[in-house]
Each structure stands twice: as structure tokens, then as C-alpha cells.
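Peer 1: Chains A and B are the protein sequences, given in the same order.
Quick note: the first sequence uses the numbering used here, first residue 1, plus one each step.
Quick note: the second sequence uses the numbering used here, first residue 1, plus one each step.
There could be a bad hint or two in this list.
The list makes no distinction among identical chains, and a pair is therefore deemed to hold if it is satisfied within one copy or across any two copies.
[As the list claims (entries may be wrong)] Capping the alpha-carbon separation at 30 angstroms, the derived lysine-lysine pairs in DSS-like fashion look like this: (1) K94 / K377; (2) K63 / K115; (3) K297 / K230; (4) K248 / K372; (5) K75 / K377; (6) K297 / K316; (7) K316 / K77; (8) K75 / K63; (9) K77 / K377; (10) K63 / K357; (11) K332 / K63; (12) K75 / K50; (13) K377 / K87; (14) K87 / K316; (15) K63 / K199; (16) K372 / K164; (17) K241 / K182; (18) K50 / K248; (19) K372 / K77; (20) K50 / K377; (21) K63 / K182; (22) K372 / K87; (23) K377 / K248; (24) K248 / K316.
The set of hints was computed from the structure by calculation and includes no laboratory data.
It should be emphasised that the depicted structure is a prediction, and the values quoted were computed from it without experimental measurement.
Number of protein chains: 2
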Amino acid sequence: MENYPQTELDIENAASFLGISAQRMQELMERRVLVPNWNEYQHLFRFEHKALHIDIGSVLVQKNDDFSLILGFPKIKRAMLLGPAIKFNFCDIKRVAVEEKMNGYNVRVILLDGKLAALTRSGHVCPYSSEKANDLLDHSFFTENPQLVVYGEMVGPDNPYVPKEIYGIESLELFVFDIRHKDTGLPLPLYERRELAEKYGFRQVRLFGEFDILEAPSMITDIIREIGRKGHEGVVIKDPKMVLQPMKYTASQSNCSDLQHAMKVYNESGRDFIFSRIVREGFQSVEWNESEEDFRKRCLQLGESILRPMKESIIKVRDGGRVAEEFTIRVKDRATISKFEEYMRRLGMDIVFSEPKTVGNEYLVHMTKVNKSTSDKTLAMWEGQLWS
Amino acid sequence: MENYPQTELDIENAASFLGISAQRMQELMERRVLVPNWNEYQHLFRFEHKALHIDIGSVLVQKNDDFSLILGFPKIKRAMLLGPAIKFNFCDIKRVAVEEKMNGYNVRVILLDGKLAALTRSGHVCPYSSEKANDLLDHSFFTENPQLVVYGEMVGPDNPYVPKEIYGIESLELFVFDIRHKDTGLPLPLYERRELAEKYGFRQVRLFGEFDILEAPSMITDIIREIGRKGHEGVVIKDPKMVLQPMKYTASQSNCSDLQHAMKVYNESGRDFIFSRIVREGFQSVEWNESEEDFRKRCLQLGESILRPMKESIIKVRDGGRVAEEFTIRVKDRATISKFEEYMRRLGMDIVFSEPKTVGNEYLVHMTKVNKSTSDKTLAMWEGQLWS
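The following block holds chain A by itself, in its conformation from the complex (with noise of 0.2 angstroms):
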């Protein structure tokens, strides 16, 4: 393990940035609003409550005398029907702009000391997600654009997080979806976050195009189908310019792709995230006016999302196993694998890792978590214990 030099918060430069009180400052240090992050990132402060307006999960970064705050991810909120939502929300404006909605992770791209950081959704930063932005990032951007940071989704099946194959990724790769200022998080409008992306060669979310908002629930209601039978996850509907708050619509098949997640380790799911993805089934259900049939055909797929993967869990557990979920990360670098077992420990995660194996340039290493919680009930109930 490095030793790296502690960095302490200048308190009086850093609320003059904010433009607070040094007292209140060392306030929000003290009650660990604002705290350090690790190693090379000690001078990276993340807002883990949300405090001056300023979201959880943003970021205060110190260079010298020097300060920029990198803000946290927007949180869009969601269309239940999508034709009264477009109409009410969007009837300031005469075109809707549609972009995919990926199933992935949130990562806030910066140049720090040299080289790209990954910042995920709580602030932290992510060494691996570093690794891979630093090999798939022109640095050039950041350095030709210092007050900018990228927005986008870490998708594909080397995935420490949320692995899919969906996409046909072979690895993993960096879907860029906003451009915002630092300090203010504005964003770029939508064209020209697109065209600069472009420029420096980025993968970017989908655009399926823009409509006028009389026709764009139909034109999206057509795209959310198609998107669901590819197993894609949905859309992100956006004010071109990025003045008007943006929101989200997803494709049933996601939400019960979410609930077959979720039941697998149903004594660790949030019983809200599964109530969520319920209510979502009932809205479309009935804005989509489906037939009896179809209505049957929907009820059948979310029972099943609910309580195949449950029953296969039990079973697991009945037969002498353990529900585990399976990752894998890709690295070329063979000390990001401990820099990242590191990093899962110190967030409390307990997970195995493999020897790594060499794919190539690469090494390839397996990661088992196991699911703990569900893993103990589902035993207790087995050996006759009762629920509650």
C-alpha cells in the first residue's frame, strides 16, 4: 500500500469559495457533510448530505489555492403516463428531444493531477472506472476545455456494478449523455454537447430524434417498445436547449429485469425500489389501453420477474449454496485490481476476488459478492425458523 501525503481542507479559502462563513465550513466538516476521499484523493471533498443547495454527491476539489465544485447527477424524474407528462411539462416549448436511457453506472469524468478520475453518483473515486476512462477519454478535451466535466454511463458486461450484455459491448465503455460547467453545472445545450462529444470522438448515448410535442408520445411510446424488445432499458426526454428539467420513461421489460434483480436477493431490495417498478406496470398498462390478452401477457411477466428468480434463490440455499452475485472486471493495469479490492473494502463491500487470468494486454479477474442477507434468512427458514 502507497503512503500518500494528508491533505487538510484550507477551511477559510474554501468558504470564501462557497461563499460562506469560515465558521460554517468547518461546521459542515465537523457533522462530515463534506468529507475527504482516500489516497491520491484526499483533496477531494464529497457532499454526502445535501447542504447550501448543493446535491449529495457533488464534489469540492482543492488544488493549491485553487477550488472547483464538480456538481452531482440531476436526478430526473419519472413520466408514469407519458402522454399527460409531455404535455404538462413540456408545453412551454415546441420540440422534445429523445435520447437513450442506458443500464449502467453514473460517472462524472475530470483531469486531476494528469490523469482522468472517475467520479461515481456519491462522489467517490472509482479506480477502475478511472482505468477504463483514461484508456476510452481523449485527454485532450479536459484540457482544452478546464471547465468542463463529462456526464455519461459505464455500460457493458466488465462491470463491477451493474454487468449487462445487452449492448453487445465486449467490455466495458463510456456512454456520454451531459457536458456541464463546473462550479454551476450547467449544462451544454443538447446539439452542442453532442457536437463536442463528436469532436473528440466519445460514444454517446443514442438520439432517436427530436419531435414536436404533439406527436412525440406516440413517437416515443413506438420507441419504448422497440427499446424493450431489445431489452434496452429507455428513454430520457430533454428540452433541447436543457432549460426545461428533462424525465425519464422505461420499457416494462426493464422494470422486470430490475424486479428479477431484486427478488433474486430479496432480503437486501429496498421494498420501495420494488414497489416502484409495480406501479410503473399499472400506469402503462393502462395508457397503452391493452387488450385482455396482452393486460394477461403482462400480469404473467411480472409475477414471473417476481418469483422465478425468488424460487431459484431458495432452491439455491435448500441445496447447500449461497446467493452470490457474479462480476468481472478488465484491467491493463495489474495495480488497479488492488487498488480496487481496496476501495470495495473501505465502502464495506465484501466480495471475493479471483487470481486475475491474462485475456490479451488485459487481465481478467472474477468478483463473487454474496448476498449475505438473503442467504442467512432463506436458511433460517429452512431450518424451521419462523418469519416475524
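With chain A's structure known, arrange chain B on it following the hints.
Peer 2: Relative to the frame of chain A, chain B by itself:
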């Protein structure tokens, strides 16, 4: 509205009865752990929190210098896997008794100032249930057994809490499932209780029989299938001596019926309520070793139980309606209606009562409870608001 004399708790004597210091007693009152009931029941103090190892819903009754304690309903834990649960929990006895678990609401009945009073699960005196108890139960039981409390299920269609047609009951009946001593809460052994109830002509929950614990899982599985076919709820499996803790187990149809109700009023239903019903289906499916065909039937039934009532609520609101629940009560004494109305209002329930209709020598009242949260949320979606 009548005026009732205010009753103060005699702190010294209550403390001595409960075996605690007067100061501790004072504290329990001040912290509103112990809260007096209303009107003529101000000398009944209910436990709104667990304290002194006394369960929530227990009631301390003060009568002149005398005190008695009516203990709450003991929580009956649930078997998820019937076979293992019976084996593990009843391994110290040879035989278990199986009684029906009915779908209604629980009351405890005591004699109070010459009349029967029915205490709900929370320890309130329900005026409607009390009138019914006075009508349905032979008072001599209570004068001849002043130390006993009757625990029963109020079941039937004229039911302001859980109206059910499934038992072929005309109005409302009380089915005894427990008789316990005051102060200690100790239960009578099962057969002693059934004989005593029989002697006074009380209706009782059905006894399916007594089974050797080795044959119990398969016998109870057959009983549960039969209960499910009839749309009834489930069973409680008991140590005939009532020493070991009993356990409950329910039919899939009852879980689904719970879900139907919960999803009709989806925005006011507890996520945990929904989740727990789903989980039961997973375990039962595995324990019953279902064929793929039966499993798909179960999935379809689960999916339909979730989506169909929700779909109906969404459509109802789209068409200008409000999601609401309908209840009826049927009383002999017209004064009970206004007492019950006041009682509902004091509990914070927003219910519209119809004009009483004379039916024979009784009054029938329809009640409508609008599910404001579900109605409002659904309307907001139709107006185009985003979910969150």
C-alpha cells in the same frame, strides 16, 4: 354529545399494581405511553407503546381502587416453510392442534360497568363492536368468570374494518380463538377453552383437528389447499397446552386477496405489507414443489392480483371518479351510529356516513372512505405531473 365525568389515574395505586415506582408511573403518563380512552371509557388506559414488558394495545382498567390489566394480542409468528417450521418449533411435543385463522378484525371482550366492551387491537373501545359483543355473547360467562378475557375475530360483511362475504355470515359474528386470564395474559389450554366457550354458546374458530407432528405438514398442506379453494385465510398451529408459541400459515389466495386490496389503494399501502405477501408466494411455491404449469398459474395469479386492482383505480380516476372503500354497519341501537361516527372521527378517519336505513329491527348504515392519497396521486399523474 353526553358529558362524562373525567377520570384521573390514581398514580400511587396504579404504580403499586404494576409493581413500579409512582415516579415511573407518572413518567409513563407524561410520555403518553399510557393514554386514557374517551367518554365513558376514561378509566381505561391503553399502552400506546411497549413498556414494562407489556405489549402495545394492552389496557389498564381502573375501577375504584381496583386495577386489572387486559393484555394485548400476542403476535403470532409466521411459518414460511411449513415442514421445517413445524419440525423446529414443535420438536418438544408430539401433537399439534390446528385451528382456522379467520379474516376479520380482533377484539378482546370484557365486562365493564355492567355491559360488555370490545377492545380493538390498539386498545380502543369500539362502540360498534361493543354493541355487537353485547348482542352475541352470553353475559353470564363474564360474571361467572370475572378473571377471564375473551379474544375473538369479528367476521362478516357488516364490518367497518375488514368486510368479507367469504364465510356466509349474514351480518357480523364473533368467533372465539383464545380465552386468557386478566393481569397475566396466560391462555387457557386449547380444549379447556373450547369446552368453556361451548358451554356458554360462543361461536368458535373451526378446529381442524390434532395431528402428530410428523404427519402435520402434509395434513395442514391439504387443509390449506381446501381453505384456499374456499377463499378463506389460513390456519394457526398450536400446542394444545398453549405453552409453546403458536404459528400461522396462510393460503396463496389469501395473500393474493390482500395484494388486491393493497394495490387498489396503492399509494396508501405499506411497502412492507406488499413485500411480505409476495415473499410468502415464493416460499410456498418451492415447498410445494410445483410443476412448471402450476408455477406459471401462480405467477399469473400474483401478477393479476397486483395489476388488475391498480389498473381499475387508475381508470376510475381517469374517468373522474375517486378511489374509495365501502363499508356497512348494522346496529340495533341508533345511538351506536353517532357514537361510532364520533369514534371514527377521533381516530382521524375521514368517512362519509349515509342516512340509516331501517331493516327489520335494525339500522343499516353505508360508509364511504375516500382513499385520498391514492386518488390524489393518480389524478396528479393524469394531469401530467412526474412521479418523483
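Peer 1: State for each hint whether it applies.
Peer 2: For each hint, the structure was consulted:
1. K94 / K377: Result: close only across copies, 27 angstroms inter versus 53 angstroms intra.
2. K63 / K115: within (14 angstroms within a copy, 80 angstroms between copies)
3. K297 / K230: both (18 angstroms within a copy, 26 angstroms between copies)
4. K248 / K372: Between. Shortest inter-copy distance 27 angstroms satisfies the 30 angstroms Cα cut-off; intra-copy 33 angstroms does not.
5. K75 / K377: between (33 angstroms within a copy, 20 angstroms between copies)
6. K297 / K316: both (28 angstroms within a copy, 22 angstroms between copies)
7. K316 / K77: For K316 and K77, only the inter-copy Cα distance (25 angstroms) is at most 30 angstroms; the intra-copy one is 37 angstroms.
8. K75 / K63: For K75 and K63, the Cα distance is within 30 angstroms only inside one copy (28 angstroms; across copies 59 angstroms).
9. K77 / K377: between (34 angstroms within a copy, 15 angstroms between copies)
10. K63 / K357: neither (38 angstroms within a copy, 80 angstroms between copies)
11. K332 / K63: within (28 angstroms within a copy, 81 angstroms between copies)
12. K75 / K50: For K75 and K50, only the intra-copy Cα distance (13 angstroms) is at most 30 angstroms; the inter-copy one is 40 angstroms.
13. K377 / K87: between (46 angstroms within a copy, 18 angstroms between copies)
14. K87 / K316: between (48 angstroms within a copy, 21 angstroms between copies)
15. K63 / K199: within (29 angstroms within a copy, 87 angstroms between copies)
16. K372 / K164: within (23 angstroms within a copy, 40 angstroms between copies)
17. K241 / K182: within (18 angstroms within a copy, 72 angstroms between copies)
18. K50 / K248: This pair counts as within: shortest intra-copy Cα distance 23 angstroms, inter-copy 45 angstroms.
19. K372 / K77: between (32 angstroms within a copy, 23 angstroms between copies)
20. K50 / K377: between (34 angstroms within a copy, 26 angstroms between copies)
21. K63 / K182: within (14 angstroms within a copy, 72 angstroms between copies)
22. K372 / K87: between (46 angstroms within a copy, 25 angstroms between copies)
23. K377 / K248: For K377 and K248, the Cα distance is within 30 angstroms only across copies (18 angstroms; inside one copy 35 angstroms).
24. K248 / K316: between (36 angstroms within a copy, 25 angstroms between copies)
When each numbered hint is compared with the structure, a violation occurs for hint 10 only.
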